Amino acid sequence: MHGILTIFRKELADQFSSTRFLLISALIVMVGVIIASMVAMGIQEETRGLAKPTLIFLLLFTSTGKLFSFIQFIGFFGPLVGIILGFDSINRERVSRTLSKLVAQPIYRDSIINAKFLTGVVTISIVLVAIVLIISGLGIRLVGVVPGWEEVWRLAIYLIASILYISFWLGISILFSVVFRSTATSALASLALWIFFSFFVSLGAGVLSDAVAPISQSSSGIDPEALLKHERVQRTISLFSPMTLYSDATSTILDPMRKTTRSLILMGPLERLSLTRFQSPLPLLQSITIVTPHLVSLVAITFLCFGICYLVFMRQEIRTV
Amino acid sequence: MRGQSIIETEKLTKRYGTQTAVNELDLQIREGEVFGFLGPNGAGKTTTLLMFLGLTEPTSGKVNVCGFDPKREGLRVKERVGYLPENVGFYEDMDARENLQYVARLNRIPDEISAPRIDTWLKEVGLYEEAKKMVGIYSKGMRQRLGIAEVMIKEPKLIFLDEPTIGLDPDGTNRMLDLIHSLSREKNITVFLSSHLLDQVQRICDRVGIMIKGNLVAVGPIQELAREKLGIDKERYTLEEIYMKYFKEA
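Chains D and L, in that order, are what the protein sequence lines are. Its first residue numbered 1, the first sequence is counted upward by one per residue in the numbering used here. Its first residue numbered 1001, the second sequence is counted upward by one per residue in the numbering used here.
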């Protein structure tokens, strides 16, 4: 534990004094504040003279306004934050030849990798909690409503999911920084994986589901069975992307009107009817039940990623050359 | 004090695939001596050092450093042994004192004990005036000397120096050698020096070992090796002559 704490303290100090950390947090805070104030002013306009609807506070995060919503922004930009924080964590020490010195000190070798990961997770948590609090403050000021307990809980779950999601990308980039000697290569590899997951998995899901369950055009129109199968295959494949996992989970937890992560086409007729007839928000516990599988999967892939990273690092030869 | 062995190996072997880096090494280093470990590049010197520190696992054979097996009790060994790698690196955006303090903390030395020790060693290696400068602007010679200070912060019984004078100018080399010499004489620290710069090894080492292609071909005091290889009647010899003789035979 001693080794982890010492390295952690040093790494955290390095992180906070680094230019890249300043740039990332400045960017997130700037975009977050702009989105939130635009949305808040919009809400103010629309609800003037009306009774405020329930759970209006969460709209600050989910409403798309003119550009995109805050959760969409984090869903897209979050992986980049994880990658930027981690892509050179091990190979920078290798290049500057401090790694061979570090492993010659009386600490367990795994303290190095554990401390690096911990530093990243703590940094991510601090940035995310800060921006959510800033937006909440802005919201209270501009909209004039105080969040209730349920909203606070939903935001807390959202924060946990976001930290896990960004930590997954941190794990990926640390893994590449262990595998590749050059910092440029590990940065590019992480970015390539990010682009693959964010754009190509959903594209690939479409192509694959067309191949597995083609929708045949017959004289009587589209066969509903085939359409259902097509849709199911597509959903299953796109769930392999952490992006889909995350965006499904967070949009459900922050939007109580959403009662399922499934698309409309997969619902039964009664389900669809109830969705249109009863426009009441889902209780918190029910929302949690819906997203539990997503959250568990996020935890699993994050730990899996860190586990691989740990194994590779522990088995690696530490040579000076 | 002298005479007790601090490093002992028995048939220590390291193979990478089919290539043998170190072949059945039998070596004993006595406490307090300066031992020169010689050999051409790629002879297995660094691999041997890494096995002494428990950073690389031997394929077979036994090794004992300061009374511990580095394979199973690596932390115990690392608490007692200082290692200066070839071309040691530092955190460039920290000053000399911060670099040393970080290493002291990793060695569980409380700040109040390490602070005076850091001052002492910065003075000893002649970097006290430059201690506030970032290590990024240090010259090669200053880095090597800072490396020695860093190794000494934990007050080791034994230090491993991997090519400590490589790339230094003549003045820097002399200062470095004097420093190593004084460590051994004044502080009674065992020095295990790996190098291929023979004239320097000749100046400061009590005993040398010559390693070629993973095999230890000779070990003993320089005089003895000279007698053996060059004939006893020869008055002036250099380590280089001895070394070349072994090298040609191997």
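Hints listed in this document are in silico derivations from the structure and should not be mistaken for laboratory results. Hints should not be assumed to be uniformly reliable.
As the list claims (entries may be wrong) - Pulled a few chain L residues facing chain D out of the computed Cβ check, cut under 7 Å:
| # | residue |
| --- | --- |
| 1 | PRO1085 |
| 2 | ASN1087 |
| 3 | ARG1105 |
In this text, all values refer to a predicted model and were calculated from it rather than measured experimentally. Every residue gets a Cβ at the ideal spot worked out from N, C-alpha and C, and that includes glycine.
Results of checking the hints against the structure:
1. PRO1085: holds, 5 Å
2. ASN1087: holds, 6 Å
3. ARG1105: holds, 5 Å
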